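Engineer: The numbering of the sequence shown is the UniProt record's numbering, which starts it at 1 and goes up by one.
Honestly, the hints are just simulated from the structure, not real lab data. Honestly, I wouldn't trust all of these hints.
Said to hold, decoys possible - Each pair of labels, with its calculated beta carbon distance range:
#: 1; residue 1: Asp114; residue 2: Leu46; range: 20 to 26 Å
#: 2; residue 1: Glu150; residue 2: Glu61; range: 39 to 45 Å
#: 3; residue 1: Arg67; residue 2: Gly153; range: 28 to 34 Å
Claimed, not checked - The calculated lysine-lysine pairs, modelled on DSSO-like cross-linking and capped at a C-alpha distance of 30 Å, are:
#: 4; residue 1: Lys124; residue 2: Lys86
#: 5; residue 1: Lys226; residue 2: Lys98
#: 6; residue 1: Lys119; residue 2: Lys40
#: 7; residue 1: Lys98; residue 2: Lys151
#: 8; residue 1: Lys86; residue 2: Lys98
#: 9; residue 1: Lys40; residue 2: Lys98
#: 10; residue 1: Lys86; residue 2: Lys207
#: 11; residue 1: Lys226; residue 2: Lys151
#: 12; residue 1: Lys151; residue 2: Lys207
#: 13; residue 1: Lys151; residue 2: Lys124
#: 14; residue 1: Lys43; residue 2: Lys124
#: 15; residue 1: Lys124; residue 2: Lys40
#: 16; residue 1: Lys119; residue 2: Lys151
#: 17; residue 1: Lys98; residue 2: Lys119
#: 18; residue 1: Lys151; residue 2: Lys43
#: 19; residue 1: Lys151; residue 2: Lys86
Note that the structure is a prediction, hence the values are computed from the model and not measured. Note that beta-carbon positions come from the ideal geometry of N, C-alpha and C, so glycine has one too.
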Amino acid sequence: MNKHKPEEASRKESFAQTILVKRTPGAANLFEETVGRLGKSIKLGLVSPGEQLPPERELSEMMGISRTTVRSAIQVLVEGGFLTVKRGRGGGTFVAEKPPQWSLETSLDSPEWDEVQVKHFLDKRFIIETGVCELVCTRIDDTGIRALREKVGEMTELVGDFTAFRASDIQFHILLGELTGNSELVQMCIDTQSELDELLNLLPPSKEALLNSNQQHADIVARIAKGDAVGARQAMGLHVSGTTSFLGGLLPR
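Generate coordinates for the entire structure from the input sequences, incorporating the hints supplied.
Structural biologist: Below you can see the structure in the form of structure tokens.
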């Protein structure tokens, strides 16, 4: 009676395999990972320009995540020019006919950046920032905890302004370095945030991404306030890994 069902089932199965349905255990935040998975599928040509994505409900089932997460990830990819949304009859979410395809070498001022350099930088950031976070737990006082909470609160008010939020975000990560009491670690945090800023400036501003990032900041501070060094390190690890997934899905190749 419905001759299209086998074809639709085959299409859904193919798409499900393409976007790597199985999550990596202990992987990054779901929202960021979803942006990364979908973004990479588009950048690598695994889903074709003009191809329609399954509806949000089906995508959420395929990927084992909530519709809210799917919707938020799609919004970021629409803002980045990877997806388009058509309304009305025959509408839906489609891969853009011409998704971003520029190269890192032509998008960044520094000729040193290429895909290998980006990967090495992100590895370095992971080591530095998780270590700083763990160390802060052993040295912070009530004044430092208040300063971190104030910075998180400030960013909550700035989610509609990417430039202002990013400036406050940088200050948050440098403040963590300062709270170790180690000037060399402070400089490492400054250098890391400066390099990261170059990469983030290539991405489309997204309120969803900022809200998600600041929730992770709040979790990091909550672990630090409890003196939970292991938990704080893990929370920062998820934050950094999430940014890595996000960048992997949206950065030009």
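Engineer: Each hint: holds or not?
Structural biologist: To see whether the hints hold, each was checked on the structure:
1. Asp114 <-> Leu46: 20 to 26 Å: holds (22 Å)
2. Glu150 <-> Glu61: 39 to 45 Å: holds (41 Å)
3. Arg67 <-> Gly153: 28 to 34 Å: About 29 Å separates the Cβ atoms of Arg67 and Gly153, which means 28 to 34 Å holds.
4. Lys124 <-> Lys86: violated (41 Å)
5. Lys226 <-> Lys98: Violated. Lys226 to Lys98 sits at ~48 Å, over the 30 Å cutoff.
6. Lys119 <-> Lys40: Holds, at roughly 15 Å.
7. Lys98 <-> Lys151: violated (39 Å)
8. Lys86 <-> Lys98: Satisfied, since the Cα-Cα distance of roughly 16 Å is no more than 30 Å.
9. Lys40 <-> Lys98: Holds, at about 15 Å.
10. Lys86 <-> Lys207: Cα-Cα ~22 Å, so holds.
11. Lys226 <-> Lys151: holds (18 Å)
12. Lys151 <-> Lys207: With Cα atoms ~18 Å apart, Lys151 and Lys207 stay inside 30 Å; holds.
13. Lys151 <-> Lys124: Holds, at roughly 24 Å.
14. Lys43 <-> Lys124: Since the Cα atoms of Lys43 and Lys124 sit roughly 25 Å apart, the hinted pair holds (cutoff 30 Å).
15. Lys124 <-> Lys40: At roughly 22 Å apart (the allowed maximum being 30 Å), Lys40 and Lys124 satisfy the hint.
16. Lys119 <-> Lys151: holds (29 Å)
17. Lys98 <-> Lys119: Cα-Cα ~26 Å, so holds.
18. Lys151 <-> Lys43: Cα-Cα ~35 Å, so violated.
19. Lys151 <-> Lys86: violated (39 Å)
When held up to the earlier numbered hints, the structure conflicts with 4, 5, 7, 18, 19 and fits the remainder.
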